[in-house]
Each structure stands twice: as C-alpha cells, then as structure tokens.
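Protein chains in written order, with the UniProt record's numbering: chain A, 1 to 434; chain B, 1 to 434.
Read the hints as simulated data drawn from the structure, not as lab findings.
Glycine is no exception: its CB is placed at the ideal position from the N, C-alpha and C atoms.
Check each hint, because a few of them may be wrong.
Claimed, not checked - Derived CB-CB ranges, DEER-like:
| id | chain 1 | residue 1 | chain 2 | residue 2 | range |
| --- | --- | --- | --- | --- | --- |
| 1 | A | Gln362 | B | Glu172 | 30 to 36 Å |
| 2 | A | Arg348 | B | Arg36 | 32 to 38 Å |
| 3 | B | Ala57 | A | Gly259 | 29 to 35 Å |
| 4 | A | Ala340 | B | Arg36 | 52 to 58 Å |
| 5 | B | Asp223 | A | His376 | 22 to 28 Å |
| 6 | B | Gly280 | A | Ala374 | 40 to 46 Å |
Stated by the list, open to error - Subject to a maximum C-alpha distance of 27 Å in a straight line, what follows is the list of computed BS3-like cross-link-like pairs (lysine-lysine):
| id | chain 1 | residue 1 | chain 2 | residue 2 |
| --- | --- | --- | --- | --- |
| 7 | B | Lys59 | A | Lys241 |
| 8 | B | Lys241 | A | Lys272 |
| 9 | A | Lys290 | A | Lys241 |
| 10 | B | Lys241 | B | Lys279 |
| 11 | A | Lys241 | B | Lys271 |
| 12 | A | Lys279 | B | Lys2 |
| 13 | A | Lys118 | B | Lys271 |
| 14 | B | Lys342 | A | Lys290 |
| 15 | B | Lys241 | A | Lys119 |
| 16 | B | Lys241 | A | Lys279 |
| 17 | B | Lys59 | A | Lys272 |
| 18 | B | Lys2 | B | Lys59 |
| 19 | B | Lys279 | A | Lys290 |
| 20 | B | Lys272 | A | Lys279 |
| 21 | B | Lys391 | A | Lys342 |
| 22 | B | Lys241 | B | Lys272 |
Unchecked claim - Covered by chain A, according to a simulated footprint, are these stretches of chain B (three or more residues, beta-carbon under 8 Å):
| id | region |
| --- | --- |
| 23 | 88 to 94 |
| 24 | 190 to 201 |
| 25 | 240 to 250 |
| 26 | 272 to 281 |
| 27 | 295 to 301 |
Now for the letters of each chain:
There are 2 protein chains.
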Amino acid sequence: MKDVNLGIVGLGNVGSGTLTILAENADEIARKLGFRLNVTAVCSRSVKSKNLPAGLAPKLITTDWREVVSHPDVDIVAELIGGTGTAREVVEGAIAAGKSVVTANKELVALEGVSIWKKAEAQGVTLAMEASVCGGIPIHAVLREGIAGDHIETLFGILNGTSNYILTEIEENGSAFNDVLAEAQRLGYAEADPTADVDGFDARSKLALLASLAFGVQLTPGDIPTEGIRRISPIDFHYAKQLDCTIKLLCSARRVEDGLFVSVRPALLSKKTIMAGVKGAYNAVWSRGKFGADTFYYGRGAGPNPTGVAVVSDLMRVARSLHPEPAHRVPPFAYTDLAAAKPLEIGRQHRHWYLRFRITDQPGIIRDLSSILAEHSISIDAVLQLPDLDKQNLPFVITLENSPESAVRAAVEKMSKLPFMVEPPLALPIERGV
Amino acid sequence: MKDVNLGIVGLGNVGSGTLTILAENADEIARKLGFRLNVTAVCSRSVKSKNLPAGLAPKLITTDWREVVSHPDVDIVAELIGGTGTAREVVEGAIAAGKSVVTANKELVALEGVSIWKKAEAQGVTLAMEASVCGGIPIHAVLREGIAGDHIETLFGILNGTSNYILTEIEENGSAFNDVLAEAQRLGYAEADPTADVDGFDARSKLALLASLAFGVQLTPGDIPTEGIRRISPIDFHYAKQLDCTIKLLCSARRVEDGLFVSVRPALLSKKTIMAGVKGAYNAVWSRGKFGADTFYYGRGAGPNPTGVAVVSDLMRVARSLHPEPAHRVPPFAYTDLAAAKPLEIGRQHRHWYLRFRITDQPGIIRDLSSILAEHSISIDAVLQLPDLDKQNLPFVITLENSPESAVRAAVEKMSKLPFMVEPPLALPIERGV
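Take these sequences, add in the hints, and give me the full structure.
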C-alpha cells in the first residue's frame, strides 16, 4: 500500500512533540493505518537535521514554508507555527496547492476557520483541527463524530489550565491569588503577562470554538460575557466548602428555545459533580445531551506531546481519507489487524495490596500473619483496626508494600488455613492511578 | 444532495431509542450531514406502524429481516436485536447483500467481530460498532480516531453500571451486599440472575473489546482473571476511607515489555483520582498514553437513548462515507454550515447565586442588604458567616434562590454603594450540574 507523505511547518513545542510521536510511535501508527506516514519535508526558522528525532529522514529541510507546500511529494501539510500571520499564509498556500491541512492554531481557527474551511471545500481538500482546543482531549472527534447523533443542550468547560492550576493552589494551600500567580510565573506555568489566562480571554476563544462544534453557531469571542479569577480568595473556598462546592473558572453554554446563554466566569460548582475533581493544569468538558444525557471528557489542556497526539491523530485520519483504498474503511477495531494474544500470567504483576481478615480474636494473630508474609518476602505497609468491633468476628486490615501477586496469593492461601480465620482473607489491589 | 436510507432491524430498547432520535433529532442530523437519513425499512417480531415515532414513514414494515437487508433502497442496516443467533444472520446477510452495517451487539462483536469485519472488508462495506460497549460514552471514536496517534500504556474501566450502582449504595448507605442487590432487583437495575453483572463476566467481555481497540490484541474473555463484588462489605469501605480510597469493580489492562496484564476485580482506588468520583450506574474509561498522558471519559453505560446516540452517530459516520461527495469532507466544525449568532442577553438567565461581601461590621447590615434584595424580588437562600473574623474587614456570604441575573446585577450594583462596603460584592453563580 502507498505511504502518505507529510510536510511539517513549525518546530516549536507542538511541532517537536508531533515529530517525536511520528518517529517513536511509527510502528504503532503503521499497524493502525496499514501504511506508513513519512515525514517528507520540515520547515522552521532555524531547523537543523541533527535536531530531528532519530528515525526521521525528510527529503527537504528548509526555512521557507513555500518549499514545503509546493513540494510535489507532500500530501498533507501540518501548520504548527501559531498566530494569524505567516500561519494563515501557510494554511491558505497549502490549500491552494491542493494539499489537505492539519492545524493546531486556535487563534487562526477561531478568527478565520470558516473562511479557510470554505476554501478547503472548494479545493476538495480536508481541514482538520483537533489540536486547536483542549490539546490533550479528543473533544473535536467526540463532538464531530462520537456523539454527533445527540442534541446537546448544555456544555460546561474548564478550558484554561493556568487558571485552574491557580484556583487549585488557592483551595489546597489557602494562599492569596497574587502569591499563587507569582509562584506560577516563577515555575513557568503562567506567562509574564497573565491577562489572557486569568482574565478569561483564552478560555472565551476556546468556548466560542466548542460552541461551533456543539451547537453549529459562529460566535464572536468578544460577545461572550467574561470575568476572570483575580477576585477569588481563600475565604471564598471556605464558604464554598460549607456549601459542598468548589470554585472553577467555568465556561458554560446553554441552549434554550430562542438561543444560547454563554459565559466565562468563576462559579461555585457542586463537589458532587465529576467535574469538581478536575485539579491543576487539566482541562475538561462536560456535556448534557437531550438523548445521551451526561458525558464528560478530561485530559491535559496543552503540552508538546498531548497536543502532538491530537496533531498525529488528525494526520492519520486525513491520511486514511487520501489513501486509494476506500476512505470509509476505518478499521472497526482501530488497528488493521488484531494479534491473537494470551494475557500475561497475572501472578507476575506487582501491586500494593489490601488484605481484610475476619477473625476470632486471640493472642498471636499478628505474629502468625506477619510470619507468613515474611516467608513470602512481602513487606507490611500498615495494620488498620477500627475500635469497638465484635471480637468473635473481628474485621481488620493489613496493607502491603508493592508485591508480586503470586506471592500475595500464596500467602493468602496459607493464611486462610489458620484456625482463627472466620473466612478466607479478602485480597484487593490498591490503585493510586492508571 | 442524495439522502441515505436506513434499515433498522430490532425494535427493543436500543431500537426504540434509535428511532426516537432519528425522528426527533432529524433536523439537527441533517444540519450536520448536509443530507437526510431516511428510515426506509424497519423489522421486528411484532412491529406496528402506529408504534413508530411521529415523522417516520418507512416504505417497509416487516417481521422478516431478509426483506430489510435485500430491500434495494436500503443503504445501511442497523442490527439491534442482540445475541448471536438471528443477529449474526442479519449482519452477515446485510454484508453479503453489499450493505454497510451498524451494530450495538457486544456479544456478537466480542465473539465474531474479527470474522465479520473481514467479510465486510472483502465486500467493500463498513462495519461500525460504537454502541457495543459503554453505550453512552463515545469510546470507540476516541480510541479509533481521537487519540489514535498515542501509544496507550494503561487503561482502566468501570464497565458495569449495575455493580457500580451496588458498590455506591454499599458505600453511601452502609447496607450489606445482599440487601442492596435485592433492592436493585426490585427496582429493575439488576437482573433476576445477577451473575453476569456482579461476578464480573459482563465487564470482562467489554474489557476484551476495549483491549482490541486500545492495544490491537484479540483476547478470549475467559482468559481474563475475573472476580466479582459479592464479598465487598460496608466494613471494607470504612477501611478504604481510612486509606483515602473508594472501592470499584475495576477493569484494568497494562501494556508491559512482553505483553498485557489484564484483570477484572474489585480494587481500592485513590479518592484523589478523577475516576473515584464515578457513582451509580455510570461507566468510565481512563487511559494513560506514552505521549498524551491521562485522559478520562465518562457517561451512561446503557439505556435506550444513550445507546441510541451511539447507533445514530455511527449511522451518520457511515452515511457520510457512502455519500457521493468525497468521504473525507467531514466538516471540521461538525455542521455543514455555521449560523452567525449573538449570545442571548445573559441578564435573562436564572441561576442560584453566591454573594460574598467584605464589610465594616455595624448594626443593620443584614437589614440593608435584605431590603435591596427584596426590592429586586430576590429570595435569600442562606446567610453564612465564619466565626472569629476581623470585624473591620468581615467577609460573609448570602446565597440566593434561583433569580434572573439582571436583578442580581442591579441589586449588587446598589449594594456596592452602601457605606459599610469595603469592596464591591463578589457575585458568583452556583452550579449543581450541567
């Protein structure tokens, strides 16, 4: 099968992440597509081949984007420069040259997306822009295809990672806004001029884009009522907690009979909602559909590699559509072939463990249990026992350090034969994250 | 533009939800596609035209699925019968007749998916199956396209709504497993024979399917180590809480150097994770990619309308690919046109409100504030004041009943001129859900 050839314009954060993934994940990508994506041309202001990830061998390395879009071998151009100056020339130049375009450019798409799309449509090429909002969350794919059949009524977003990070710090450490902002600037999480982030302007552009995808409307970001987070203080989190709420910079859009209410502003959000758990520099989108009810999506808002995943996923989708094989044959299982596989023997897996016992209380229990664990080279993390329980049917817990499951199972098997056991121990792994 | 014609086979829960959405959401669907989806043929054991949603006028209503798959006008067949008997005949019959197929059938896809897909490929037609696992979450679209560029390392799932509902009830009400199960059966949330749900077998089939999409492997569900939730008791939630954890029936798959660890079993899950907030009959998937880091997806696991959204979204995707216009022109903004729109005047929106004041303490403050609120026909919900605060800069809070924003803004404007105000009141909406 024919490979598809890429021209990458811009090697900043997102461009570097994209090249890293195209190089390091090339075999996985080929297994999914059934053909390879070649990095045929790259362009940046100061590109040097020695800076490219190992495994890439572009035919063209240049500082002139015109050479990339006009290169006869290039099928798809990725515009990863950002801004609305040269980036717009690159996108429009590529479309005029009959190339499909993938872009990560929020500003350009928010301001000129519709006009660019119409040009692409006239040329019979594709415009793809998953990376333009919520870099690490595939929210375009979700709204455009995954839940396309629904009628979305309400959409909430936490769309600015910097302000969410600042609010989380105020909540968890009780620090004042200005102190947290200064620290975030020192750590590089916030810009020297933080206005776009903390006054809500960045989030408002993203909300306008999401509203296009969710409701089919074209909003002017400046028309969206917008307030930032500068006035939120630790005392507000104290009171919010009394109301079983947290505080988030919430982007919201509600469809009603005669239009759309939209706003970007700090709001109290019930801790009973899944969205209240979004902490630090993460983004999230929560939608309610007339038919599908609530769905919720969460991931990194930005970063070279998360945004690079969005760019590469778009490149794969567009590459499939360009391929001589029928475009609709997107493999239902995501890969072009599935390898028959046996799971690994679970006994080899190391986890932390929770062992819960029901025993008839008597002296020497901890000694007997800890001896068996020691025999199997398993370390105890903690012993937990609630007060005032029935001594004839006493439930207590031992947690274990990271241990191979085979050893834990063997120890539990041996423990279950001890005379004071009311029932075999219950063994559950402890998961702190994926 | 040419419409695309559908044959719907099976009018149980999912079939009814699908028809409801195709009827009630027809205009929205057409705005997204640029053409219409017609329900041309329907088949069920006891179909009557008077039971169809208003607005549908199929040419063929039959009890014989063969008439649907062989109908010359039908472009796509939706198999919504379930099971592996007749359903398989329908799917294979439709493919043999050159029709693309959308299915919601987990059992069939888990057992025969690859063989059916190869038949579809040979015939040049499409097989789509978004509804087959996590009905309300577009996890197929996410894994197949949205984050296709990533290399997934770990995947966690809460894939059985019934067992998650039971665990949530044990945790929140301290009831015993058997009592909660009996109540769930009485309410229709659990089957008379609950084995598939509470012993993990349903979740294990779904995990096998997700592992195909995430890792490109074909697992036999019976090879996956599986434990159910029958032994989880309220005491385990007490101890889990001491460890800052909850307990979930966790489906897990980890890719390591030489293969995949997979399991379905109850596990302690840190309350610091976003997944710990998944309560009741919801499903969720959490993945960690080598490049894109953590992403998380949440929604209804089942139900006629959420699953219907998945079926209709698949029908839309396949219909686009069949359409004479180039298949790759999936509109980047999800709709074929965007309507330029002004947001509604935000003052008309009704919300609950949080007003936080900083005042110099003196008599009559509550009287003055409540008078202004009463003038604007706004009802007070609560007055909150933390003890032991600086009386010269006293922050306290009034929360308001559901009120129009224009009235709240006018009242706040008037309040900000009161002599005891240290700064203008801070007004934040209170959101309990989307």
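>> Are any of the numbered hints broken by this structure? If so, which, sorted upward?
In response: 2, 4, 7, 9, 12, 13, 15, 17, 21, 23 and 24
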